[in-house]
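K.L.:
In order, the protein sequence lines correspond to chains A and B.
Note that the numbering used here gives residue 1383 to position 188 of the first sequence, counting from 1, and the numbers run on in steps of one.
Note that the numbering used here gives residue 650 to position 381 of the second sequence, counting from 1, and the numbers run on in steps of one.
Think of the hints as simulated: they come from the structure by calculation, not from any bench.
Heads up, some of the hints might be wrong.
To be verified - Restricting the straight-line Cα-Cα distance to at most 35 Å, the calculated cross-link-like pairs of lysine-lysine (DSBU-like) are:
no., chain 1, residue 1, chain 2, residue 2
1, B, Lys499, A, Lys1284
2, A, Lys1266, B, Lys464
3, B, Lys434, B, Lys457
4, B, Lys457, A, Lys1266
5, A, Lys1284, B, Lys382
6, A, Lys1266, A, Lys1505
7, B, Lys326, A, Lys1284
8, B, Lys434, B, Lys685
9, A, Lys1266, B, Lys499
10, B, Lys325, B, Lys487
11, B, Lys337, B, Lys390
12, A, Lys1284, B, Lys337
13, B, Lys409, B, Lys325
14, A, Lys1284, A, Lys1416
15, A, Lys1284, B, Lys409
16, A, Lys1266, B, Lys325
17, B, Lys679, B, Lys326
18, A, Lys1284, B, Lys570
19, B, Lys514, B, Lys454
20, B, Lys433, B, Lys685
21, A, Lys1284, B, Lys645
22, B, Lys677, A, Lys1284
23, B, Lys433, B, Lys344
24, B, Lys530, A, Lys1284
Note that the structure is a prediction, hence the values are computed from the model and not measured.
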Amino acid sequence: MTLVKDTVSAARRPRPAATATAGRPGRRRDNLAGYLFMSPWIAGFLLLTAGPMVASLYFAFTDYNLFNSPKWVGLDNFTRMFDDPRWQKSVEVTVRYVVIGTPLKLLLALGVALLLAQSRRGQAFYRAAFYAPSLIGASVSVGFVWRSLFSDGAIVDRTQTFFGWHVGGWVGNADWVLYCLVALTVWQFGAPMVIFLAGLKQVPRELYEAAEMDGAGPFRKFWNITLPMISPVLFFNVLLETIHSFQIFGSAYVVSNTYCGPADATLVYTCYLYQQGFRNAQMGFASAMAWMLLLAVALVTAVLFWSQKKWVHYEEGAR
Amino acid sequence: MGTSRNLERRTLLKAAGASAAALGLATTAGCGGGSGSGDGTVTIRYSWWGAEERAKKINQTIALFEKKHPKIKVKTDFQTYQSFWEKFQTQAAGGNPPDVFQNAVTFLRKYDKRGILLDLKSQAQAGNLSLDHFRAGVTKVGQVDGRQLGIPVGSNTMALVIDKKVFRKAGVEPRPGWTWDEYFKSLKTVHDRTKVAGDTGYFTIMYLYDLYLRQNGKAFYTEDGLGFDKADLTEWWTDGYNRVKAGIVTDPKVVQQDMPKSSLSAGHGASEFTWDNFTVRYSAEGDSTYGLAPIPTTDGKHTGQYLASLMLSASAHTAHPREVAQFIDFMVHDPEVGRIMGYDRGILASTEQYGAYRPADAVNKEIAQYEEDTAKSGVLGTITPHPSGADTIEAAFLRIGGDLGQGKTKVADAVKQFFTESEAAFQG
Chain A
1196 MTLVKDTVSA ARRPRPAATA TAGRPGRRRD NLAGYLFMSP WIAGFLLLTA
1246 GPMVASLYFA FTDYNLFNSP KWVGLDNFTR MFDDPRWQKS VEVTVRYVVI
1296 GTPLKLLLAL GVALLLAQSR RGQAFYRAAF YAPSLIGASV SVGFVWRSLF
1346 SDGAIVDRTQ TFFGWHVGGW VGNADWVLYC LVALTVWQFG APMVIFLAGL
1396 KQVPRELYEA AEMDGAGPFR KFWNITLPMI SPVLFFNVLL ETIHSFQIFG
1446 SAYVVSNTYC GPADATLVYT CYLYQQGFRN AQMGFASAMA WMLLLAVALV
1496 TAVLFWSQKK WVHYEEGAR
Chain B
270 MGTSRNLERR TLLKAAGASA AALGLATTAG CGGGSGSGDG TVTIRYSWWG
320 AEERAKKINQ TIALFEKKHP KIKVKTDFQT YQSFWEKFQT QAAGGNPPDV
370 FQNAVTFLRK YDKRGILLDL KSQAQAGNLS LDHFRAGVTK VGQVDGRQLG
420 IPVGSNTMAL VIDKKVFRKA GVEPRPGWTW DEYFKSLKTV HDRTKVAGDT
470 GYFTIMYLYD LYLRQNGKAF YTEDGLGFDK ADLTEWWTDG YNRVKAGIVT
520 DPKVVQQDMP KSSLSAGHGA SEFTWDNFTV RYSAEGDSTY GLAPIPTTDG
570 KHTGQYLASL MLSASAHTAH PREVAQFIDF MVHDPEVGRI MGYDRGILAS
620 TEQYGAYRPA DAVNKEIAQY EEDTAKSGVL GTITPHPSGA DTIEAAFLRI
670 GGDLGQGKTK VADAVKQFFT ESEAAFQG
């Protein structure tokens, strides 16, 4: 964060002359041209993002089936959620997915980053190879591949059975299918891994050398130097991945063949939102759900930011 | 230097203005969906649900239509069933539904209530579309309160599809008028002798439960609600669940994994209730031979069956009702179209097309025979257009029944959940 701020202020610094001419009409024309050039994006933002958001905030307090005009119902949609067993189920499924998937993914990302941070032959290749799943991970085709990997008699089932633990395919099993989705997200650890790698490269060598002089072992070095030094990066990754996990949709939708089942076992929050909005045309309820998700994610983010004081180590002054 | 800078600025401003204007233009063009042009050529949009195979056939028929009506161009779009209706709903809500589209009885009242469907009677009266020459009774399927909201392209009826090889191996022979008791005993025999579950999950199929209710003087729907009570459903689902546990109905876990394939074609079940024209699907998906069997009865006679149908409907918002009517007329009456489509969307509805197409393969021959036999046996009742919300309820019935089969919900909770969701759906 500090780094970004520095770059921005550095870019501004050599322009005191420009500030002096700010009042002149030419300057305004410059601005006008700028805004005109930006207009497609400004229009896009207003029409496609800000507008719909405001509209959905309004719909959240209405009964709206897309065809009739929205009818104001106050907080009904919100109170209805808490009486709705499927909504509760969707919250439970999503929380389980976030709480299990995110730490696993970050642990794996950090572990592999630690290995890749050492100078080895073919390092660039390994980095690219581990990063690749993150690039293709969002695609629907991977969902299909996953679906077939975790079906009856497919590779996962056979491997598991070989080790004497017969479960059958995960995809059709309400107790297992969520872990199939967890496995999919963990497999995409490449993005946080790259960020961890960048963080690891920033740790000054001198610290390790000094620690070695004092006789610190590898675990000690990791715990007392690496971890505190990369804690801002760790915080960034935790934040990003948590928010990202809450928004899971595509993999659940594809792996469950669009039904988010079986027995609602992959009914993640956005999936239920989608079903209510686009299948059942309960746009009011769906909008309320969307704002509820925003509130929940905001709350989690706030808690994370509050907690960082306790464990994130920022160096005094920008380097 | 000064002038050139100014010039530069002016050009810049112009360029920027132009880009903004271009965006504006693009937006208007995108929304308009302009359908008429100077030389009198009209473009209509046609969309349907179905697989690739259906699309290939339909595209052939459209080429035929465009040749005969050079002033009408047809733009097409198709998805799978679920995606089709999701997209359609959004388009219809935005006042931009396709001009003409495939429709089914479940959606008639829903979109009629929302003012989306064109009453095609006026077009028939204007001579753009003929309501004559249909097989007995099929045009009724497209009627709601005396208006013609859909023109049937094909008719179908619920049937029992069986894996002939497995049934033969088990020594079980279905017969017309057999009772539910006999049917379930047969499933047990099949399971005992072949280790294959007898049925793939009958108790989650809304259209089958409808038949069962009709056999008992009720129906799944009344005009505006459910035609059965919680006790009825509790009984139906309790029996269903017990049969899953006994192994005579396929484990829902397996059914889930077989999707999008049917568990019948995957060899994980020996029979499945479905629409008769879907039989083609099993032969394409599976390795065994499949055939049609009679629906089990309560009293040894009445099956509760009726003719349903896929139809073509027109948008009430269309700018070209005349051309749309001509298009529908061609699609349902032209013999050549019938020859191309075959029984893909059910037994051809108009007599012209029914007469023009002679099925060559065993499966289609059997479908035709099945409907003929069913019609002759006089068991066919009349269908009532489903109330608005029926599509949501059908999906809920399937889903909640499936949860039940997985053993994740108790019957009492499942029934309660189904009634709660149905209530919400009717209000929607």
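K.L.:
Flag every earlier hint the structure violates by its number, smallest first.
P.N.:
Failing hints, ascending: 2, 4, 6, 7, 8, 10, 12, 14, 15, 16, 17, 18, 20, 21 and 23.
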